[in-house]
Amino acid sequence: MPALQLRGVTAGYGRITGIEKVDLTVAEGETVALLGANGAGKSTFLRAVSGMIRPWSGRVVLYGEDVTGQRSDRLVRAGMAHVPEGRRILATLTVEENLRLGAFTRRRAGTVDEDLESVLTRFERLRDRRAQKAGTLSGGEQQMLAIGRALMSRPRILLLDEPSLGLSPLLIGEVFDLIKSLAAEGLTILLVEQNARQALGVADRGYLLTTGSVTLSGAAADLLADPGIIESYLGGRGARS
Amino acid sequence: MDAYTEAVVIKVGIAILLALGYWVTVATGKYSFGHAAFMSIGAYTASILTLKFDLPLELAMLVGGLAGAVIGAFIGWIALRLSMLYLAIITFAFAEIVRILLDGWDYVGGATGLFGMTGTTVELVAVCIAVVVVYLFFLSRSRKGLSYEAIREDEQAARACGLGVTRISVEAFAVSAAITGVAGALSAHETLIITPNLFGAPQSLLIILFVVLGGVQYFWGAIVGAVVLTMLPIWFDFLEDYYQITYGLMFVLLMILRPQGIVGRGTDRRINLGSLRELATSRRGGGGDE
Chain X
209 MPALQLRGVT AGYGRITGIE KVDLTVAEGE TVALLGANGA GKSTFLRAVS GMIRPWSGRV
269 VLYGEDVTGQ RSDRLVRAGM AHVPEGRRIL ATLTVEENLR LGAFTRRRAG TVDEDLESVL
329 TRFERLRDRR AQKAGTLSGG EQQMLAIGRA LMSRPRILLL DEPSLGLSPL LIGEVFDLIK
389 SLAAEGLTIL LVEQNARQAL GVADRGYLLT TGSVTLSGAA ADLLADPGII ESYLGGRGAR
449 S
Chain U
175 MDAYTEAVVI KVGIAILLAL GYWVTVATGK YSFGHAAFMS IGAYTASILT LKFDLPLELA
235 MLVGGLAGAV IGAFIGWIAL RLSMLYLAII TFAFAEIVRI LLDGWDYVGG ATGLFGMTGT
295 TVELVAVCIA VVVVYLFFLS RSRKGLSYEA IREDEQAARA CGLGVTRISV EAFAVSAAIT
355 GVAGALSAHE TLIITPNLFG APQSLLIILF VVLGGVQYFW GAIVGAVVLT MLPIWFDFLE
415 DYYQITYGLM FVLLMILRPQ GIVGRGTDRR INLGSLRELA TSRRGGGGDE
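Protein sequence lines, in the order shown, are assigned to chains X and U. Mapping to this note's numbering: the first sequence position 54 is 262, numbers consecutive. Mapping to this note's numbering: the second sequence position 144 is 318, numbers consecutive.
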């Protein structure tokens, strides 16, 4: 049973179609990258998957359960955590409050404290700042916080929306190292990125989204090995890392 | 305590109750523009019960609050899934509908209203405030309080955390309407007479001003706003005809100098700008992003 499966999903805003008839599968334990240039429909895709907007047609199946159009809180309960684009941390709340909110759907306080501890162990820099307002963190720390918050819900699958956006090359490297280690721990990951080379570097498979449709898919290594693909579709963006 | 002082204290107390009630919904970032309707629902429900069914005020007041909660949950359920602009329109229209319906309802005296309610005491108002303050004190420190703050701060982010944003907001709205209903009941049994026009747009605006003036960040900001706004007309009584203009100017000045309200951190100017931006750009579900 695949972790996540999209069958012919069409979605958009108002009259504008964002993605059309997208088919995509993420197997358990796999890291999949969805690539595409600005405006290719990546954000619409993630919003449709994560319940922020309702798809116009098609099906979203999560661990065998049809979750098409389900609200995000249901999806989080069903095991899918979403790190939204631009991180969306709650700036006026403290780091710890942000993390605790990630575990909001879980009730058992003891296990939440355990997970808080493990997230703080993973992100030592957050431990020093746990009582600080999240808005005072640097961009990289905020990204760590956003990912840590998602991990607090004990997800089976993690959705990452442009985690490298607005970060310095050094921090981008750090974020991808983190994704790699999460994948190595067995977490299923769907990564939506513009930074094609980096994303394919950590992914098992990749899908290429062009003007709302999947135009290419395959093993990450194959996609990476063909620089012509990346350059023709993405204009070489994110190359030479 | 002489009768005059007592009347002022009750008036201030009811204002505090109204402000605290309104704060509960504002805590989730949802502004109602027709909260006077819940006041009138509480006032009329309780007045009918005390006048026509001889119920004690304490009980009638609770039923009034319950009526507010039920109708508040219904209105919230309709309006809170939409953007802030829709919420503003729906709550405003709802208050007008309630006013017009009461105006044409002979059982409650139509436009001339109901007369003869008494029984609101300083003690009763104080107990109500105490109950609400204790509730808000624990709310502010609870998981639920944290979820309110998250929703106020960024609805999409709250959703991404797995919070049932609509359900939580509707619940807050219903609690807010309940407290407002109780305040309405107490106010009816203080003023002796109620008419539908007492609960029009100016009253709704006054409730909003209590909270905006005091500051939305902490619930005690609402208390400060309510006290100041209720006492001002009394303190500035000597201005007579110039009162309204002084009052207006004072607000303009305050919004320029302290947009976050009397209580609240100075750096949070963002809250006001953010909500305006949201109002202007909101699409579905009050997103306001991108």
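Derived by calculation from the structure, the hints in this document are not laboratory data. Do not take every clue at face value.
[Said to hold, decoys possible] Which bits of chain U does chain X cover? Going by a derived footprint, with three or more residues having C-beta under 8 Å, they are: (1) 228 to 239; (2) 310 to 321; (3) 324 to 332.
The C-beta atom is built at its ideal place from N, Cα and C for all residues, glycine as well.
Each hint, compared with the structure:
1. 228 to 239: violated (count 0)
2. 310 to 321: holds (count 3)
3. 324 to 332: holds (count 6)
In this structure, the one hint that does not hold is number 1.
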